[in-house]
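**Student:** Based on the sequences and whatever the hints tell you, model everything.
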Amino acid sequence: MSGALHSAFAFRGSLSRRKRVAVALGSSFFILLVWQIASWVGLLDPIFLPSPLDILGTLYDMTARGEIIGNALISLGRIMAAFLLSAVMAIPIGMLMSSYRPISAALEPIIDFIRYLPIPALIPISIIWFGVGEETKIFLLWLGTFFQLVLLVVDDANRVPNEYVEVARTLGARPYEILRDIIWRSMLPGLINNLRITLGWCWTYLILAEIVAADNGLGYVIWTARRYMKTDEVMAGVFVIGIIGLVTDQAMRAGHTWLFRDQGTSR
Amino acid sequence: MNERLQDYLVFDQVTKRFGGLTVVEAPFNLVVPRGQFVVFLGPSGCGKTTLMRMVGGLDEATTGTIRLEGSPVGPPDERRGMVFQSYSSFPWLTVLQNIAFGMRYRRDLSPKAKASRARHYLDLVGLSDFGDAYPSRISGGMRQRVAIARTLAAGSDVLLMDEPFGALDAQRREQLQIELRRIQSEEMKTVLFVTHDVEEAIFLADRIIVFSSRPARIIDDIDVTAELGSDRNLELRDSEVFFRRRADILRTVRSTLTLV
Ligand SMILES: Nc1ncnc2c1ncn2[C@@H]1O[C@H](COP(=O)(O)OP(=O)(O)O)[C@@H](O)[C@H]1O
Ligand SMILES: [Mg+2]
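Protein chains in written order, with the numbering used here: chain F, 25 to 291; chain A, 27 to 286.
Because the hints were derived from the structure by calculation, they are not lab data.
Please read these numbers as outputs of a predicted model, since none were measured by experiment.
Virtual Cβ for every residue (Gly too), placed ideally from N, Cα, C.
One thing to keep in mind: the hints can contain errors.
[Claimed, not checked] For each label pair, taking beta carbons as the anchor points, the in silico distance ranges come out as:
1) F/L39 to A/G152: 34 to 42 Å
2) A/E213 to F/I127: 40 to 48 Å
3) F/G37 to A/E95: 56 to 64 Å
4) A/Y131 to F/F54: 52 to 60 Å
5) F/L108 to A/E205: 48 to 56 Å
6) A/E205 to F/I138: 53 to 61 Å
7) A/Q197 to F/R285: 41 to 49 Å
8) F/I221 to A/D195: 41 to 49 Å
**Tutor:** In C-alpha cells:
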C-alpha cells in the first residue's frame, strides 16, 4: 500500500489513465461531501451558499421549466460565433506577423495596447457602436480573445524550427507554400492547444456581456436570479457553465491527443 | 558550355562575417568542376557549414561571389539540394511522405513518377519496411536516412551534404557511402560533403579540401582520384594505398589543429 503510494507520487512520474480518473472523481466527490456536510450541520447559510444537493434540485427544476438548455445553447452559440471569428482572423494575421517583420512591427503596438485594456472599460463604447443586440456581445467576446490569440499564434509560428523552413526553401518552396506546407503543419499541435485555452477565456467575457446587455443566455439567468437573491439558481447557472467548460476542455484535449498521436510526445 | 564543366561551381574571393566574427577571410577561392565529389575536412567551427549554406543560398557572402554555371547563386532553388547537419524530417509526415516531399515543388514529374521515385529512394536507404512509420517512431539514424533520401529524391545537380552520415552505425554508413558514390558518378552530380571522418573523406572524395581553424583557409587540396582512381568499392577500403593515403592526410590535419 505504501509502496503503491510511493510510486504514484514519484517526482514527475506517470499515472495510468484509470487511476487519474479515479483520483479526479474522488477529489471532486470529497469536496462536494465536505460542502454537503457543512450545510447539514448548519455551518453554511443557504442564502449565502446552498448545499450541493439543493443546487442539484434547483438545477433539475430549472431544466424542467426550460430555463437551462435553451439559454445554455444561446450562450454556446455566442461563444462559438465570436471564437470562430477570432480564430479565423488571428491565425492568418499571426502567421503573417511571424513571417514578415514589417507586419509585426506595424501591428504589435496596437495589439499590445488593446490587449491590456480591461474589457469592461470598453462596454460603453461597444454599446454606443453596436447597441444592445448580438453584435455587442460578439464584439466584446472578440475583443477579449482576438488580441490575446493573435500573439499566441505568432508565438506558435515562431517556434517552428528554422531548419524545416530551410529544407523547404532548398526544395524550391515559395513563401506561401512554406506557410501552407511547413509553418501551418508544424505549428498545428501548439495552435490547437492555444485555441483550447483561449476558448476558456471566452466564458469570462460572455457572462460580462450577458450581464450588461441581454435577455437570454446563462449570464442573464445568473444575473436575474441574483436580483431576487435566489442563490441556489445563481449556483445552478454557475454549475452549468463549469460543466460545459469541463466537458469541452476534456474533449479538446482528447481530440488533440488523438489527432497528433503519431507526432511524438513533443507538445 | 565546355568551360562551364571545368568551372561549374566557383568561389571567387569569398568572405563571410557574422557581425564582428570573421568566419571566412579573403580570399577564399575554389573552383569545382561539374561532377566532382569534394569533401571538406576541417576542425569544428571553422566555417564549413557556413560555406555550404552560402552555396545553397541560405546565407549570403559578405563580399565576393559564388557562381554556379557562370552566374551568381541566388536564393535556394531546385538545382542545389541540401542535407542538414541535424536530421530534419517533418514529424507530421510518414517516412515515405517525407521522402516524396523532396519532389513536392517539381512540376516536371507526374504524381506517378514521384511515387515511384519516392519508393526507390525509400528502398535505397534501407527503410522499405518503415514507409508508413512516423519519424517519432524511428531512430535518429533512420531519420537521418529519411533526410538523405528526401534530398536525393529531389534530384538536384548539386548536393550539399553537411555531416550527413554522422548519426549512422558503421555498417549502414559504409553501405550509404557506396550508394552515394554510385549515384554521384552515374548522375554526374557535383557534391560538397562535410565530414570529420578521414576514412570517409578518402573513400568518397575525388578531392579533399583541408581547412584551417577559423577563419577558414584552405591548407591543403588533395587530389584523391589521381591516386585511388574514381572506382570506389569495398576492396579499396582494405588496400595498402588507401591506408597510406589515410596516414598522409591524418598527418596534414594533425599538423594544423586538433581534429576528432
Ligand atoms: N548565423 C550565425 N550568426 C553568428 N555566428 C555564426 C552563425 N553561423 C555560424 N556562426 C559562427 O561561425 C563559425 C563557423 O560556423 P560553422 O560554419 O557552423 O562551422 P563548422 O560547420 O565548420 O563547424 C562558428 O564560430 C559559428 O559560431
Ligand atoms: Mg558544421
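**Student:** Hint by hint, note whether the structure agrees.
**Tutor:** Hint check results:
Look at F/L39 against A/G152: about 39 Å separates their beta carbons, and that is inside 34 to 42 Å. Restraint check, A/E213 to F/I127: a C-beta distance of roughly 42 Å satisfies the suggested window 40 to 48 Å. Range check, F/G37 to A/E95: Cβ separation about 59 Å, and the 56 to 64 Å hint holds. At roughly 59 Å, the beta carbons of A/Y131 and F/F54 sit within the given window of 52 to 60 Å.
Checked against the hint of 48 to 56 Å, the pair F/L108 and A/E205 passes, with Cβ atoms roughly 51 Å apart. For A/E205 and F/I138, the hinted distance range of 53 to 61 Å is satisfied, since their beta carbons lie about 58 Å from each other. Distance hint check: the CB atoms of A/Q197 and F/R285 are about 32 Å apart, inconsistent with the given range 41 to 49 Å. Under the hint 41 to 49 Å, the C-beta atoms of F/I221 and A/D195, about 43 Å apart, fit the expected range.
In this structure, the one hint that does not hold is number 7.
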